[in-house]
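Enquirer: One-letter residues, chain by chain:
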Amino acid sequence: MQGLIDLADKYFNFPIMREVFPFLLKGALWTIIFSASSEIIGIIFGLTTAVIRVTKIKVLSQIAVIYVDLFRGTPLLMQIIFVYYALPYVGINLPAPIAGIVALSINSGAYVSEIFRAGIESIDKGQLEAARSLGMSYMQALRYVIIPQTMKRVLPPLTNEFVALIKDSSLLSVIAISELMRTAKELMTWKMNPSSLTAAAILYLLITIPLTRLVSYLENKMKRSEI
Amino acid sequence: MVSSKKEMIRIVDLHKKFGHLHVLKGVNLVVKKGDVLVIIGPSGSGKSTLLRSVNLLEKPTSGHIYLDGEEITGKNVNENNTRQRIGMVFQNFNLFPNMTVLGNVTIALTKVLKMKRKDAEKTGINLLTKVGLKDKINGFPNQLSGGQKQRVAIARALAMNPEAILFDEVTSALDPELVKEVLDVMKDLAKSGMTMLVVTHEMGFAKEVGTHVIFMDEGLILEEGLATDIFDNPQHPRTKAFLAAVLS
Chain W
1 MQGLIDLADK YFNFPIMREV FPFLLKGALW TIIFSASSEI IGIIFGLTTA VIRVTKIKVL
61 SQIAVIYVDL FRGTPLLMQI IFVYYALPYV GINLPAPIAG IVALSINSGA YVSEIFRAGI
121 ESIDKGQLEA ARSLGMSYMQ ALRYVIIPQT MKRVLPPLTN EFVALIKDSS LLSVIAISEL
181 MRTAKELMTW KMNPSSLTAA AILYLLITIP LTRLVSYLEN KMKRSEI
Chain L
228 MVSSKKEMIR IVDLHKKFGH LHVLKGVNLV VKKGDVLVII GPSGSGKSTL LRSVNLLEKP
288 TSGHIYLDGE EITGKNVNEN NTRQRIGMVF QNFNLFPNMT VLGNVTIALT KVLKMKRKDA
348 EKTGINLLTK VGLKDKINGF PNQLSGGQKQ RVAIARALAM NPEAILFDEV TSALDPELVK
408 EVLDVMKDLA KSGMTMLVVT HEMGFAKEVG THVIFMDEGL ILEEGLATDI FDNPQHPRTK
468 AFLAAVLS
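Taken in sequence, the protein lines are chains W and L. Read in order, the letters of the first sequence are residues 1 to 227 in the working numbering. Read in order, the letters of the second sequence are residues 228 to 475 in the working numbering.
It is possible that some hints are incorrect.
[Said to hold, decoys possible] With the Cβ distance kept under 10 Å, some of the chain L side facing chain W (calculated, not the full set):
no.	residue
1	Gly296
2	Glu306
3	Arg312
4	Phe320
5	Pro324
6	Ile334
7	Lys338
8	Leu340
9	Ala380
The hints are simulated quantities; they were obtained by calculation from the structure and are not laboratory data. Computed from a prediction, not measured in an experiment: that's the story for all the values here. Beta carbons: idealized from backbone N, C-alpha and C, even for Gly.
Work out the full structure: start from the sequences and follow the hints.
Expert: Now the structure itself:
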């Protein structure tokens, strides 16, 4: 019983949570900004990489495979540290926010590329055959027939990946970016109380839950129409 | 009967292997302009593979294919260009769901032939009217019946003004009452002089519209000739057996 009272005082301290809320909101805003911009860039990288892999262009597609393996196979935390701390040695000095977006984008791109690749390969082969039998090149078939059909299919997995990115953006806290996680940690120290963490968790939920609901909605909508 | 029609397609010693599976074992064939060649035979005989080799959807393992005198299986031949000259209609329609019916017909005209949109749409509307679907031009494929989809597919192939059209069991996936509307379009097409290669089980159509027939079994042409000869008087025992089974 005393344990529960202590838990409530330490981690669910509502007066403190109310007090730190405006600061956390600012952190959340930065989380959203970093995540959204990285996701957009990641989608551009990812789609490009997927097309390269699918068209099997000689050297480029091998590079694409290495890129995807490398950035899906190593911890994002390592990637962030490398981009921020290692690149300056070869003359690339990125301010922390830029380094953060670069690392998140490249990482996201690797995952997004697999999502698009799976989407492209899930389109019925007959679509490609019909397009090619009209004289379209593979690229034209991709551009006018295959990828437009892929777009609807990839929305659920892309949204899931976006949710993962939002949570992963908390790792930017290690390079001194004042997104939600770092803000929460600083407030914890200031207030000598971990309830800021709880409040931050609630804010993360407020961001991610609508997105996961969106995924369910999209999946149901697609099940009903025949895409 | 010596035909003075020009040679449209010539296939010389065509072999096709899928891994170890030897599907086409040396096919030789000549199709003249205006011929309606019907390809019949049991499942697995290589009929579809042969058809799909003509527009290079399947690349030959060995052998040569000539279109209007030019070798399309040559080293430096651009297969995309070849495919502009040969149309294909599929068993599963393969209409593009992300475009309207008119869009399906005009997409290749605008993107491959670089036609202006207005001209492409004019051509498209003409063809869709010809196949009886003028009122559906702004609809989407998923709103059409199977027979309508296939007619759109035929219009789509015709839009490119091909020298020949390949039909791969185009009525096999249709409900019986929808088959006639498609066969009627194909009949008109044949009358207009289009060179057609048709893989089909529709023997009535084959007899009525086909000019020549080849019977395939296990990767080879066992018998070929005029449609009337093959249907009325098959020579090869396996042709006889197949026709007896199918026409009963």
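Enquirer: Among all the numbered hints in the text so far, which are the ones the structure does not match?
Expert: 1
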